[in-house]
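> Protein chains in written order, with my numbering: chain R, 1 to 342; chain U, 343 to 846; chain C, 847 to 1018.
Incorrect hints may have been included.
[What the hints assert, rightly or not] The calculated lysine-lysine pairs, modelled on DSBU-like cross-linking and capped at a C-alpha distance of 30 Å, are:
(1) C:Lys920 <-> R:Lys69
(2) U:Lys695 <-> R:Lys299
(3) R:Lys37 <-> R:Lys147
(4) R:Lys120 <-> C:Lys1009
(5) C:Lys920 <-> R:Lys93
Keep in mind the hints are simulated off the structure, nothing from the lab.
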Amino acid sequence: MKALNYPSMRGCIGAAIAGAISVVGLASSAQAWEPTKQVTFIIPAGTGGGADQMARFVQGVVTKHNLMKQPMVVINKAGGAGAEGFLEVKKSKGDPHQIIITLSNLFTTPLATGVPFNWKELTPVAMLALDQFVLWVNSETSYKSAKDYITAISAGADKQFKMGGTGSKQEDQIITVALEKVTGGKHFTYVPYRGGGEVAVQLVGKHVDSTVNNPIEAVAQWRAGALRPLCIFDDKRSTYTTKVTTDMAWSDIPTCKQSGVDVDYQMLRGIFMPGGVTKEQVAFYVDLFKKVRETPDWKEFMEKGAFNNTFMSGDEYTKWVAAAETRHQELMKGAGFLAGAK
Amino acid sequence: MEEISSLMQGFGVALTPYNLALMFVGIVLGVIIGVLPGLGGANGVAILLPLTFSMPPTSAIIMLSCIYWGALFGGAITSILFNIPGEPWSVATTFDGHPMARQGRADEALTAAFTSSFVGAFVAVVVITFLAPLIARFALQFGPAEFFSVFFLTFASFVGMGRGSPWKTIAAMALGFALATVGMDGVTGQLRMTFGFDQLLSGFGFLIAVIGLFGIGEILASMETGLQFKGSEAKLRLGVVLTTWKKLLTYWATSIRSCVIGCWMGITPGGATPASFMSYGLAKRISPRGANFGKGEMEGVVAPETAAHAAGTSALLPMLTLGIPGSPTAAVLLGGLLIWGLQPGPLLFVEQKEFVWGLIASMYLGNIVGLIVVLTCVPLFAAILRVPFSIVAPVILVICAIGAYTVNNAMFDVWLMLVFGVVGYAFNKLDYPLAPLVLAIVLGDRAEESFRQSMLLSQGNLSIFWSNPLVASIMSLGLLMLVWPLLSSLRTPKTPGQSAAAPS
Amino acid sequence: MHEQNDAPEEASLASNRVLEIIVALALLTVSAVIIYDSIRLGFGWVEGQGPAAGYFPFYIASVLGIASLAILLKAVVGNTEELRESFVSRVAFGRVLTVLLPSIVYVAAIQYIGLYVASALFIMIFMITVGRESVLRSIMVGVAVPVFFFLMFEKWFLVPLPKGPLEAMLGY
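Chain R on its own, in the form it takes in the complex (with noise of 0.2 Å):
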């Protein structure tokens, strides 16, 4: 930020501009392969969502860090509950300098619509983290716990009880649907809306009585008071143990199997890309993001969202995802959500 000496009003322009956006190249350790050319971080997501937030935050910090020789470019693609993305990355067979940053709608879209991808038609590059799900009342509500709030249900009316929660069949629906088995039979009225921050903002306005939201989309009205968390659907405890209210850390919120709710679900936040490529080429992606992993920044942000840590890649991964694959499978199949399904 330099350029402050105005000498014409065309001029201040362009050094403006030049003196903002001067592309940092510095070299890093060699590699086999490099990318040639800028690389387009695709998000198969609106702006503003959790995993939008992910991927500008990992451009952010691979611009700060000076991790890549090439600039990083961050597109959104949404379209058809980011069918679209998916569909542009299928298309690019081949092409190294292409990354896209997925969420469950990876699974979740083809079954439900239809559209025709899968994820084996993309190479597995490596998780980032794992994004927990909390379920959310207002404060102002008696129920202190998942039992209390499910027991309400069971003796309310069928229907009676509105959850809020992201998108249409896709994963908010899904852990919906599967809080029921636990309702003596009562259903909930899934009302779906556009982003994370929307629903919790209507959870806090009294217009449905919980959400499934994922902590970072919660975290801000919990702490003002405006939210409790009744449990977490993992199976083990967060490991976070900072309190972020007075009186309560991530640790303390119980999982949703100690409250007699067996429902274990996490979101998977990791990257793929574009299938045929070589397997330097996916080294080092692979190499990139142990980096950026091992920034700072990236342990503040897991915490302050506090996601689930975990990293793999290789073998591992493909095989975490071809399991979680069959496991949204059998869900969407339990819960009707496949396409074609009445």
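Knowing the structure of chain R, use the given hints to seat chains U and C on it.
Using the frame of chain R, we list chains U and C on its own:
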């Protein structure tokens, strides 16, 4: 007062030479981003975001929000000069701004637009400064039913706008709604009207439709009369700013009304786009010069610009206090806050006092700096129209193609833009009004979505729209707007001016 | 601006009536297509849930269909001065085509030679043939504009636009 002392401290934070310089850079960058449709504000902010990580958070957000202001100012330039609105809330500005430019009054239109934006934004900042804690919680009352009522009111205040054949107005609006349904249905997750074409998955982008209908359609129409661009004799008048300001004073009622609409729509958070349309629709009805709207009436520039910027600015309040972004640009800014370790939410005002008041102070300063920058450039912008059309036409076409491409990074959209261009040309000549068409494309899907969310919540019971005083009053206002044209047509005989061409 | 095209010496290519009919038929087709897909989606009012996915499109398309039928009817049986007026004269339409056809070629060319080269050629050719500008001036503008955009989008703002063989040769 506590707010005043906090604000003064904020000025202390913002008023360092370094921050002032950042403001200036931000505004200039923002204007450039606003002028080139391919570089929407969201894009610009997103790309620059990483570069600000090395700055202190307050400086960074000052620069980024100044880019945001600059882009808001810049959006009016292409709307007025070339009939190409870069953002949804600039659409209503074209209705009268572009006709003014064609009459050789581009400098007046630009001055009016910039000044109105400034007034709108400034009033909104004052509202934020003194009422923030009070109104922050107001947004919480907005559930799906309330959102629907706002969209309903917007459409209602716009119905009866099109003069000429009512069938054509209905057809244009219905076509807009129909186009808005293409893509994924947000409520059931089903694909609609895509017929297996991948390109249709994300639906028809608003920007593509508008660039085609307005921008390309305009070029085709201009070509018809030979290589002239009416208004290319744009006069370069010194002192135009002062003479325009004098005229603007007479529109004080419209300005105040538009500020109120804008602030209310920004806080609720209905958004800048409904605000601009609603304000334009109301001004046209209430103003004694209403019959001239669409033909180059300055008041028709003042109303949407004031409201859009009042809304755009006051929308930052729900963003900071609730974490809900009012626009894609705001969403990216929100992401930026998170990266700097600032958690938007109710506690931001308590825990990050210096940051928040620094930001609010920078809103005051950024707007003033912005107004000075853009006003001094008015002759420069107006001079663009003096460039021969044989140069301007192909360059505009290239800019349109870039703008359409960058929406989804797809060539399909560029083709679509050309198709919309031909449609715009034909519609314009046959007196199909384009305004209701575009309004329906922009807000149609959100209106439908909020209606269906409401229906889910009420289990199919329409009484949800009268279930509390807030939603009931907005709905009633909307119904009143719907029947207004009927009432007023009964009361006063039609003036001959009303049969003229619809705004395009 | 359609007041400009009624110079008496210019022969009419089509009357407003013909165009009205064409547009109304096109709108009818759109309406039919949407109704067809809405029926597939279901357009009823689901008890306890409100409208189905096809509800809105179905009724909107029905309204569109009725409106375009009305317009069609008016155009066919109506006999107003306006309908008989010329929509566009031969000469004026020729001028419209001089920008429309090159634009179509331009957009097609983007896919093969990239946006920047296509833009350069488009601007130059348009300026020389349609605008009758001097060749030197045309080449200057034709080169300067795409170069400016290239720097703007590819270098500074990192927005990738379609690129062709020339950019590939230069390493992009």
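> Hinted pair, alpha-carbon criterion (30 Å max): C:Lys920, R:Lys93. Please report holds or violated.
Between C:Lys920 and R:Lys93 the Cα gap is close to 54 Å, so the pair fails against 30 Å, i.e. violated.
> With a cut-off of 30 Å on the C-alpha distance, tell me whether C:Lys920 and R:Lys69 pass.
violated (65 Å)
> What's the verdict on R:Lys37 and R:Lys147, does the C-alpha distance respect the 30 Å limit or exceed it?
violated (54 Å)
> Is the Cα-Cα distance between U:Lys695 and R:Lys299 30 Å or less?
It holds: about 25 Å lies between the C-alpha atoms, which stays within 30 Å.
> Is the Cα-Cα distance between R:Lys120 and C:Lys1009 30 Å or less?
holds (29 Å)
The structure does not agree with the numbered hints 1, 3, 5 stated previously, though it agrees with the rest.
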